[in-house]
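J.: Chains as they are written, first to last, in full-length UniProt numbering: chain A, 1 to 349; chain B, 1 to 349; chain C, 1 to 349; chain D, 1 to 349.
Watch out, some of these pointers could steer you wrong.
Remember, identical chains collapse to one label, so a pair may be satisfied in a single copy or spanning two.
[Unchecked claim] Capping the alpha-carbon separation at 25 Å, the derived lysine to any residue pairs in SDA-like fashion look like this:
#	residue 1	residue 2
1	311	169
2	233	344
3	308	202
4	43	214
FYI, nobody ran anything at the bench for these hints, they're computed from the structure.
4 protein chains.
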Amino acid sequence: MAMVCLSDFEAYAKKYLPKIAWDYFAAGADDCITRDENILAYKRIRFRPRMLRDVSVMDIRTKILGSEISFPVGIAPTGFHQLAWPDGEKSTARAARAMDTCYIASTYSTCTLEEISAAAPGGLRWFQLYIHRNRAASQQLVQRAEALGFQGLVLTADLPYTGKRRDDVRNGFRLPPHMKVKNLERAFEYGLPPNSLDPSVTWNDIYWLRSLTRLPIIIKGILTREDAELAVKHGVQGIIVSNHGGRQLDEGPATIDALVEVVEAVRGRVEVYVDGGIRKGSDVLKALALGAKCVFIGRPALWGLAYKGEKGLQDVLRILQDEFRLSMALAGCASVSEIGQHLVQFSRL
Amino acid sequence: MAMVCLSDFEAYAKKYLPKIAWDYFAAGADDCITRDENILAYKRIRFRPRMLRDVSVMDIRTKILGSEISFPVGIAPTGFHQLAWPDGEKSTARAARAMDTCYIASTYSTCTLEEISAAAPGGLRWFQLYIHRNRAASQQLVQRAEALGFQGLVLTADLPYTGKRRDDVRNGFRLPPHMKVKNLERAFEYGLPPNSLDPSVTWNDIYWLRSLTRLPIIIKGILTREDAELAVKHGVQGIIVSNHGGRQLDEGPATIDALVEVVEAVRGRVEVYVDGGIRKGSDVLKALALGAKCVFIGRPALWGLAYKGEKGLQDVLRILQDEFRLSMALAGCASVSEIGQHLVQFSRL
Amino acid sequence: MAMVCLSDFEAYAKKYLPKIAWDYFAAGADDCITRDENILAYKRIRFRPRMLRDVSVMDIRTKILGSEISFPVGIAPTGFHQLAWPDGEKSTARAARAMDTCYIASTYSTCTLEEISAAAPGGLRWFQLYIHRNRAASQQLVQRAEALGFQGLVLTADLPYTGKRRDDVRNGFRLPPHMKVKNLERAFEYGLPPNSLDPSVTWNDIYWLRSLTRLPIIIKGILTREDAELAVKHGVQGIIVSNHGGRQLDEGPATIDALVEVVEAVRGRVEVYVDGGIRKGSDVLKALALGAKCVFIGRPALWGLAYKGEKGLQDVLRILQDEFRLSMALAGCASVSEIGQHLVQFSRL
Amino acid sequence: MAMVCLSDFEAYAKKYLPKIAWDYFAAGADDCITRDENILAYKRIRFRPRMLRDVSVMDIRTKILGSEISFPVGIAPTGFHQLAWPDGEKSTARAARAMDTCYIASTYSTCTLEEISAAAPGGLRWFQLYIHRNRAASQQLVQRAEALGFQGLVLTADLPYTGKRRDDVRNGFRLPPHMKVKNLERAFEYGLPPNSLDPSVTWNDIYWLRSLTRLPIIIKGILTREDAELAVKHGVQGIIVSNHGGRQLDEGPATIDALVEVVEAVRGRVEVYVDGGIRKGSDVLKALALGAKCVFIGRPALWGLAYKGEKGLQDVLRILQDEFRLSMALAGCASVSEIGQHLVQFSRL
């Protein structure tokens, strides 16, 4: 089976992963409308490609928060990578380093931050944080991440409670006994309690985080201009426009649609990223044309892991990279700096 | 079979109810376009969820016409509950009381108002009225309802004649011999005559009703700003935006679309409710964001009854309640009073 | 099999007619887009129904060009009724008279005008004319129709050449040997030559027709405001907005959409009718709300004939009549004069 | 099997061509969205047909760059005709001449320009050029074409690199060993190297081409007003609005949509043509109504070749010609000069 595009990896993962793991990764909230809209919304955007521009030398590198990456696609934080591949997040870290891009490790990793760091020393990594009712646990995580050389702190803002994912309820989803949410073992000696996340978190907690670390703070889960304005006002360094892959509030906006509104509100004061629905290189080009500095992929990374671990994820990233470079060239852009809003329009449909 | 969402109850009811009963409950007029639009119209509305608001303490209670209910979902008037469950409307009344919400009992109940009252003393109930050519019969019903402690009178305005429901015609639908429209047995000693409803009813009959009872009058079936204005002018206390579940005039507006226009016309002078198409908790949130004080569910209540009578209907209400609470929290609202139009937008599609 | 709505007759006809006849009646030009759009366009129109209006006495009668009919639905001109039922147009004439409405007999009838007249003396009938290269033949037809008591002359304007109906080409459609285009046997002694219609007809030929007859002239096939203006200017008495059932130029407008533009241009100076896509009584209500004085049905009449001849067509008309009356009542109109544009709106979809 | 419309030829070709050849001709880039949109976009355009205009004498001839053709449909440049029919481009040239229209021969022909010229002396032909890194090779081609009597030079602007056509990757598409890109055998003695095209081509290369030949230069692949303006400014004689049949950048605009913008920008200064999505005669009429001087067909020509070589392609052209003439007549136009924007409108859908 030739792996030509990302949906080939999706088909593979659906076929070979245990159903309970596939369902967990694929799950969206309620009717999965937002999950699917994330993809469909890209298809409503049309390119306005320009011709006869010298595209013989292509430069697809970019920088996020000052760090150069090989192309504007990073790995979004997703949990439980051991469900996809035995080495779990260690493989993810190695693949990201090999491809010279950024990996956002999740609080809910099945490897410790230490294991992740050791697996791929020198790789560009950010750490994704949920704030627990047990604030000390969160504080420890932040400080471990900083000490280990993680270069950004990503606060997830859209999960005061977990969304209702029907298949997970039907399957009675839980981690197999041999996997653990290892990062939290210190804080929660007797296992992770239900409802451990703190639903009382507010914007003021950005100041608390700021007091804990010198890392740049990126807020993830913003979908409106109002919240984008608040994020800037509270001093974050970056915003990830995200709806948690459609796993939280169903029938919120597709992220690529929300990106437009957020970019407009932010007016360049902080970097804006987007995740959700990226399935081919031209989706990356659209996101950048609409103002994203970089995109992050979630499920496609898991499909890559499920295919062949570190190597499979590299395959996924390499395909995206080739497709992104080609779509840039065909749209008439030789470097990322030439990408702009003039390249796209919203279709009538 | 796990009952996770309302469509699980729908599937159960479709499988286990006699076809003639399922068809009767499911029926829409003509091509069933409005019946289906009631649901589809919700899917064209997108949330604009807000992040990092303290949602640790959630308050989902509300009041309708001064009475507090546990959450803004009541039971719409539908006929013939014995078709769904042997105890019929007695089970409905018990479930509504157990869940601390309002039940609008139909003129076409298969239990008497007295049986309904006795089944769940103290429950909040309104009575739904059709005006018969035999005005004395209607007058008796109103006065019985008031005497029994019903706290509102709901006048159905959209049924001068019964809509054409093709499946009912094909099935030759009629009640099984052991079921009766019991509330009308006194008035029509020899059975309910065909065409017993009065198609000459006009707005002036609101004054007649007013002369019969001190109960607040709620008018059900309003779909335009013009009629909303007339309703307010004629002194009703509430309006239920409804198209009778798409069972009367096919190709009228979806109720959630009509709600916007009615709310705008009413300008807060009376309470506005809506029924039709509610299938998950986030639909309730959308209706409230667009100005409804409360929603009422019709078919989902019948599916709950068909599943396990009183207990099944409680299951349905509890799922809606949990989903509504969760969607509020994920949209950034800790209490019903924080819900507003800023939470939603109509999608381009 | 219960015949509850018009699609029941369609299903019957499709099952029992010879394929070549079904295909001929069902045919649309090219991709059949306009044929299908005629129906779909009705579904994009939503009612704004009004409540609590006295609809106890319903009056659905109307007048076309001064003649009263029992309800605003007539029989559009279609050819070759013997393909549907042995008695052909004689049955059509009897059914129309029995239902007290207007029948537009086609030039391409398989019965003579004399046979049609004799079958249902006193019925309201108009005669549909194609102008032949042999002008004398057309002149004779007009004068025979007038002499036989036909009360209107309908000039078809949209067939300078026959549209390309792929199935007819594949089937090699031609009338069976025992059927004839009887009205033209006098003019064309040796059979109807191919290309007998005159593609050079222009607006000035209206004056020629006017010189031949005192009958009111109705022009059929108008789809634009420009042509509507020209029709009025050339002195016609009525306009039928029609695209020939989608059998001529594919991808022209749906007739109900074109009606709006034509009615606006005509400003009440002549009567405007519409055909194409009428499948239920509420479609008639929509057409009248948008300014049509009356609608004409084509294929549904043929399905009725195919079902049971004269009786089957009466069934079709009676169903439409009942549905029209009911939809009027449910929309809050007690008489045709109360129908207006306020009753409808175009849906967002 | 009767060949009634172009999709009959498509079905034939899909059935009888080797899968690898069918896939190559049918291929679109990535998700094939633009390939399919080229067709769908035509279906969103509605005619506004005019009636009672004398269409007894139809004139469908037109001129492109001064040369008269029998109707405004030419043959777009496509590669590898021997994959469709053994005689390859020789058959194409003969069919185009027989039908008195223009054939744009591709650089990637499987016959030499000399063979093509000899096959149909006197036919109107343009030559399509890719600019190779080996500029001398391109220069030789231009000069051979001019010497052989080709009357226009078509520069393809949208292929700095080849688009990603998944099926070709899966199939490992390559020409069978007995076929050759014959025009380039002189320049590349040891076979065509990969990446032989020059991705550094810019607008200034138009001046270089101009220095090589006196032929009119037509630029192919323009999709935006900005590039249309640049094309005029750099002195081309014509523009072909094209997205390479959806084979290059997926999710660019449908060509018929881009045509509107290009025609507006060009303001009649040069001739504008369009290719992509033409499947019936009325599509040609739409393109002309929106300002195209002529259209070119790609895949339908290949289907015709696959059916019966030269004769099959003539069949395709003759069907298009008949359909175009008929649709003109039914829209009320007797000659190409009467076609204008008033004939069309974009549908609400």
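J.: Compare the structure with each hint and give your call.
T.: Quick rundown of the hints versus the structure:
1. 311 - 169: So residue 311 and residue 169 pass the 25 Å test across copies only (20 Å; inside, 32 Å).
2. 233 - 344: This pair counts as between: shortest inter-copy Cα distance 24 Å, intra-copy 30 Å.
3. 308 - 202: Cα proximity of residue 308 and residue 202: none, with 40 Å in one copy and 42 Å across.
4. 43 - 214: Answer is neither; intra-copy 40 Å and inter-copy 43 Å both fail.
When held up to the earlier numbered hints, the structure conflicts with 3, 4 and fits the remainder.
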